[in-house]
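Participant: Just so you know, the protein sequences line up as chains A and B, in that order. The number in the numbering used here is simply the position in the first sequence, starting from 1, with 1181 added. The number in the numbering used here is simply the position in the second sequence, starting from 1, with 1046 added.
If you are wondering where the hints come from, they were derived from the structure by calculation, not from laboratory data. Just so we're clear, the structure is a prediction, and the values are computed from it rather than from any experiment. Only true hints are included.
Restraint-style ranges between C-beta atoms, simulated for each label pair:
#  : chain 1 : residue 1 : chain 2 : residue 2 : range
1  : B       : D1446     : A       : A1310     : 17 to 27 Å
2  : B       : G1410     : A       : Y1314     : 33 to 43 Å
3  : A       : K1301     : B       : E1327     : 53 to 63 Å
4  : B       : P1357     : A       : Y1314     : 38 to 48 Å
5  : A       : I1262     : B       : I1187     : 42 to 52 Å
6  : A       : I1262     : B       : T1550     : 40 to 50 Å
7  : A       : E1307     : B       : T1131     : 22 to 32 Å
8  : A       : I1270     : B       : N1258     : 50 to 60 Å
9  : B       : E1408     : A       : Y1314     : 41 to 51 Å
10 : A       : S1302     : B       : D1213     : 51 to 61 Å
11 : B       : E1408     : A       : E1359     : 39 to 49 Å
12 : A       : K1301     : B       : S1529     : 24 to 34 Å
Every residue gets a Cβ at the ideal spot worked out from N, C-alpha and C, and that includes glycine.
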Amino acid sequence: MRLLQNSASKSAMLLTLPTIISACQEAKKNQLTASAFQTLSSTEAMELDAVAERILPATDSPGAREAGVVYFFDNVLKDRIDALDILRIGLHDLQKNTGSEFNSPFFHPLSSLDQDQLLKSIEDTEFFATARYLTIAGMFALPEYGGNRNLVGDQLVGFDGRLGWTTPFGYYDADYMEKGE
Amino acid sequence: MSELAEPSTQAFKTREQVDFVIIGSGAAGGILAKELAEAGHSVVILEQGPHLKAADFRHDEWGYKHNFDLTWSARRGNVQTFRKTSDEEAEPREAVLRYAHNVGGSSVHFSGNFWRLRPIDFMEASVKGTIAGTNFSDWPIRYEDLEPYYTKVDWEIGVSGLQGPWDPFRSRDYPCPPMPIKGSDVLLERAAKKLGLNPYPAPVAILSKPHNGRPGCINCGWCNGFGCEVDAKSSSMVAMIPFALATGNCELRTWATVSRINTDSSGRANEVVYFDADGVEQAQKTKAVVLSANGAETPRLLLMSESNLFPRGLANSSGVVGQNLMFNGYSSVAGLFEEPVKAWKSIPATRVVHDFYELDSELGFYGGGGIDGRHPSAGTPIEFALGASDSFGGPSWGADFKDSLASRFSHSAAFDGHTTSLPLPTNNVTLDPTHRDNFGRPAIRCTYMDHPDDLATMEWFMNKSVELMEAVGAKNISASYPSGGQTGNVHLLGTCRMGDDPDTSVINPNHRAHDVPNLFLCDGSSLVTSSRGQPTMTIMALAFRAADLINQAARRSEI
Chain A
1182 MRLLQNSASK SAMLLTLPTI ISACQEAKKN QLTASAFQTL SSTEAMELDA
1232 VAERILPATD SPGAREAGVV YFFDNVLKDR IDALDILRIG LHDLQKNTGS
1282 EFNSPFFHPL SSLDQDQLLK SIEDTEFFAT ARYLTIAGMF ALPEYGGNRN
1332 LVGDQLVGFD GRLGWTTPFG YYDADYMEKG E
Chain B
1047 MSELAEPSTQ AFKTREQVDF VIIGSGAAGG ILAKELAEAG HSVVILEQGP
1097 HLKAADFRHD EWGYKHNFDL TWSARRGNVQ TFRKTSDEEA EPREAVLRYA
1147 HNVGGSSVHF SGNFWRLRPI DFMEASVKGT IAGTNFSDWP IRYEDLEPYY
1197 TKVDWEIGVS GLQGPWDPFR SRDYPCPPMP IKGSDVLLER AAKKLGLNPY
1247 PAPVAILSKP HNGRPGCINC GWCNGFGCEV DAKSSSMVAM IPFALATGNC
1297 ELRTWATVSR INTDSSGRAN EVVYFDADGV EQAQKTKAVV LSANGAETPR
1347 LLLMSESNLF PRGLANSSGV VGQNLMFNGY SSVAGLFEEP VKAWKSIPAT
1397 RVVHDFYELD SELGFYGGGG IDGRHPSAGT PIEFALGASD SFGGPSWGAD
1447 FKDSLASRFS HSAAFDGHTT SLPLPTNNVT LDPTHRDNFG RPAIRCTYMD
1497 HPDDLATMEW FMNKSVELME AVGAKNISAS YPSGGQTGNV HLLGTCRMGD
1547 DPDTSVINPN HRAHDVPNLF LCDGSSLVTS SRGQPTMTIM ALAFRAADLI
1597 NQAARRSEI
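Using the sequences provided together with the hints, build the complete structure.
Facilitator: Here it is as structure tokens:
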């Protein structure tokens, strides 16, 4: 496992931009495959995928969607019934708002601008806190839990999970050694 | 990776009376098992969790920190309840009294910070005066009594460090030199020197070079909350248990959850009742019992072992079993720096400032502690991302949030305070009257509210860390301490304290229960005062000392 993790991490760093883009498209395509979900319905998955995507959107680097965070949701929610209930009730409430404000039964087809506006209005809810928690967790947890595909979360924060490091670890200890403090 | 031999061939029958049953294989239990077995005694260790090895441990933040794979938790059937004061109804809560659930106990997943107590810790109440409303008192032993055993821990368990300016006397040097300094501690050292303080290398139970057949640390950064993947962290799992088993006198029973210690008609412990791995109740006959289940489980088990002879719980004629729970206080101060610190690599802390071990009494409150330099989230990305906007400001979701994470994770450092807690009768472990765990045992009910002096101490250390951050040019400083009182901790201290007086303590200075002659208690519960926040070194030294005294008593046929 350790070796696999290291080689995965090394190869991920060698990915070129076109490779990332095509991997992203592949990931997005996969996400629409209903049969891939064990806990969520395909509609729930599409909705939560859209929420997660706004929490950690793709910018010049991949976001929650490309990381496959919705698969992390699906995986960990199977034995977190309380969190699943919160998300289901919250989605229901969210869809009431999409209906009344944007005349859409669903959240995921809305423009990102409209999605952000809706999420902004529910920032203080348990639903949003739970979705944010699981989005962040899915972005950075080991890929075997379903998210952090191609270690895009690790790369986002500049983390590298290799087994060992030698000195210097960063700028300040290098500087300390150089100055002979 | 370890080449330590581990023949676990011994198997005793439960009806066969062994010399010692040791309950718990953690920091203390692992040491007692090795020392008693090496002296030729037959020993059965009952450990409620599995026997994991280095190869089982991974860089798995979700599994360990959020799924509680290593710790005993409500998610795994071990519900606990919490309240601040006894007039409140205690509510079930996750992560109150936190401890590992595996061979080696919390010595497997602790940070490795390993400060000795100093002479003052053992006699602080007589030097500074007692404090009204608290059970602040001297220890019945002195630093000199424990020093040979601290040194035994240094060499047998494996400690890296360098004697500091105010460190107490040591009879032998550290076996391993200090770990290399990391960026967060360069910042702490520079700040401290600007303020005229004396930072020095932090003593740690992590090997900086090969020692006793184990390899040196390779700086992966996954210590705090995780098991070491190369056996460089000096847990009792790697440093003691293999040697205990190699004697051929010791049997380790994993997934053995103890529910009761029975006594005979004369009030001597004679049997330990437990659920085995299949959930079947067993009872092991024994000549004596060593209880090293930690500061939460040890008092619970004594309280659960009430009988006609011991109506308030076993060894509890004083009524103080479970009382005087001490967590240690803390403060967290994080800052952002111009250049990449990369504090997520290497061990948690490589420098410590101990100039404030004892705060000036003119401040008007009791307290003291130390400050070390770390990564703000112990190097873990999930926890960092969850807290980054609270700590450093800015949006908590969206594109700008995501971009902020990219630089903040590597550019941050924290100066954390680790502080004293006073022993209070009202801070305690009791049996919850309604909630039960998955074995049907009464849940641990924790009642805890930090003493005003403890809160004042945490605030003082927080402010000092802010001063240090400012001195070294941190750009964006975030400071906090649990001002409303702590609601849980990993340090579980003082709940079966040692003392000369059977009316105010549970064990005598030799770790023998005042009320039960063949029952010995040794773990965090034995501490009389709280330490300055890194108690495991002292728990291990006490265990070597207790084992020595038990072996001496056994030779005199005085068990």
